[in-house]
Every structure is written in C-alpha cells, then in structure tokens.
Amino acid sequence: MWQAVHEELRGFGFSVVTVALDRSPADARPWIDAAKPEHPSLIDTRHVVADLYNMVNVPTIVWIDERGRIVRPNDVAFGTDTFKHITGLEAAKHLGALRAWVRGEAPPLPKARTQALQSLPTDTDQQARAEFGLGRWLFECGRSEAAARHFERAGELAPHDFTIRRGTMPMRGIDPMGPAFREMLGAWTKAGNPYYRPLPE
Amino acid sequence: MAEPGFTLIDDGRAVEVAYGDGFERARRAQDAGRPVALDLDERAAYLGVPAAVRAAALVSLEAPDFTLPDLDGRPHTLSAHRGAKVLLVAYASW
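Heads up: the protein sequence lines correspond to chains Z and U, in order. Residue numbering for the first sequence follows the working numbering, beginning at 1 and increasing consecutively. Residue numbering for the second sequence follows the working numbering, beginning at 1 and increasing consecutively.
Hint data in this document are derived by calculation from the structure and do not stem from the laboratory. Every residue gets a Cβ at the ideal spot worked out from N, C-alpha and C, and that includes glycine. None of the hints are false.
Negatives, chain U to chain Z, calculated, CB over 10 Å:
#1 5
#2 16
#3 18
#4 19
#5 23
Across the chosen pairs, the derived CB separations fall in these ranges:
#6 4(U) x 80(Z): 47 to 55 Å
#7 17(U) x 99(Z): 46 to 54 Å
#8 13(Z) x 65(U): 16 to 24 Å
Kindly produce the complete structure, drawing on both the sequences and the hints.
What follows is the structure, encoded as structure tokens:
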C-alpha cells in the first residue's frame, strides 16, 4: 500500500523501504504480492529493525534524509484509510507532510524537536528483546514450547511492545486477529493505555 | 559421553561453545551491562544490546543501518539509499 507513494515521489530523490516484522517470508508474501512494490520490501523475522529503532508496534514509520539522518522519529502512519474506522488515524495528514518534505516545500522537524520526540528503550525493554531473540532462535530450531516461554516472558517485561506480544502469537499457535488478541487489546486499553502512539501534533 | 554444548547467540549469530564456557561468557556479558536471556534446559543464551547503546545511537539521529533480505533472499542495506530521502515503514501481516 506504500507503492503508490513510492511511485508518486520517486522522481524527487526518494524511496520507500518497507520491513515486514513477520514470522516468515511466507506470512509476508501475500501482502507483498498484492502491493507489487518497486521499492525494497524486506523481511525481518528476527526484529532487527524493531531493536535498532525501538519500535513497539506496526505500522511504524521513520523519515531519513539524504545524509542518513533521522528527521522524523517513530510515528504511526498508514498508506491508505483502510483501517481508519479502527485506528482513527487518517492517511492524508502524514502523506501531506511527507510530500511537502520530499518535494522540498517544507523543512522536516528541527533537530532538537526530533531528538525530544524520540522514544528511547529502557533496560527492561532491551531485556524483553533479548528474551524475544532467544525465543526466536529456539523457534527456528523447532523448539516451539521453549520458544513460547521466552516470548511470554518478553511480553511480561514489555507489555507495551506489540511487536512482541502480538507479533509472536503466530509462533505460539495463537491467531493474532482472534479472541486472544482482542482480549489483550481490551485489557490494555481499558487500563488507559494507547495501542497506537502517534507523535503529538 | 561428550560434554554437553552451549549455544551463544551474539550479534545475531549463534556459536557453539563448551557448556561451562558459554555459561561463563553469558555471565560476563550480564556483568558488563548487556541484557542476557538464558535457558539452562536448552543450554542457550542470547546476548542483547544495552538500552544505553541503542539510546545513544538514536539520539545521535544517525539512522541505524541494517541489511535484510527481500522475498527472493536478496540482501538490501539501508545506507545504500544515501543521497535520497527514505520513508522507512515497519509493518506486519498480524
């Protein structure tokens, strides 16, 4: 769904790079086949990017300038309004800002503001990622039950990290769209916590 | 019977070492402030990256680089796009 944005703006010295935080290439393939991307469309089964950028849910977007600098930190944005009725987030707002930046019509966020808006990991978050990493390795070795113990431990350590709590559901034999997810989401939001954390206005 | 081994997953790579050696290296990593996930039954440990290291990299605003495969297994590196603006999008089928 980001192919249209890539197509529209590629002439301005721009590329979309997508990364699927999925159990396997096979899980991501239907989405990629449907999108027919002309931009790099990568598979990250070990959540390398989530660890590097402290991403805790999807979708998460980052703007990176020509010099390889982050100019808009982790934000929530959708390429289309397909999920607007669930998320309450409109694609157009981010797309408008993105177009203006890519075309050089508006500067990105100032450096100090970008730094201030970054979410940084805690020691506990990184311990959760280590538990995820061990679980993922065990899963790749076919040790699914042992893997599940570490995935569950990771989720307990970082209850706000849905790349772990929801993203590992397929590796624990749980439907990530099913009742277990709805129950988890209900408990999380009922306690006053946001599922999506877009940048403030 | 051979001495049981131990798997250390460090920097994303798994290496086989002797049991006592692996356990000792995991303990030393933890003492050095690294997050360590340990499974004695599975004889494996994952050595992660400290929060302070990740935070310093992010605050520097230099986009952390990575290389990942596409569906055909071809590797792509983020920094290969230097000179162009990039919209990095993490998504998932879940």
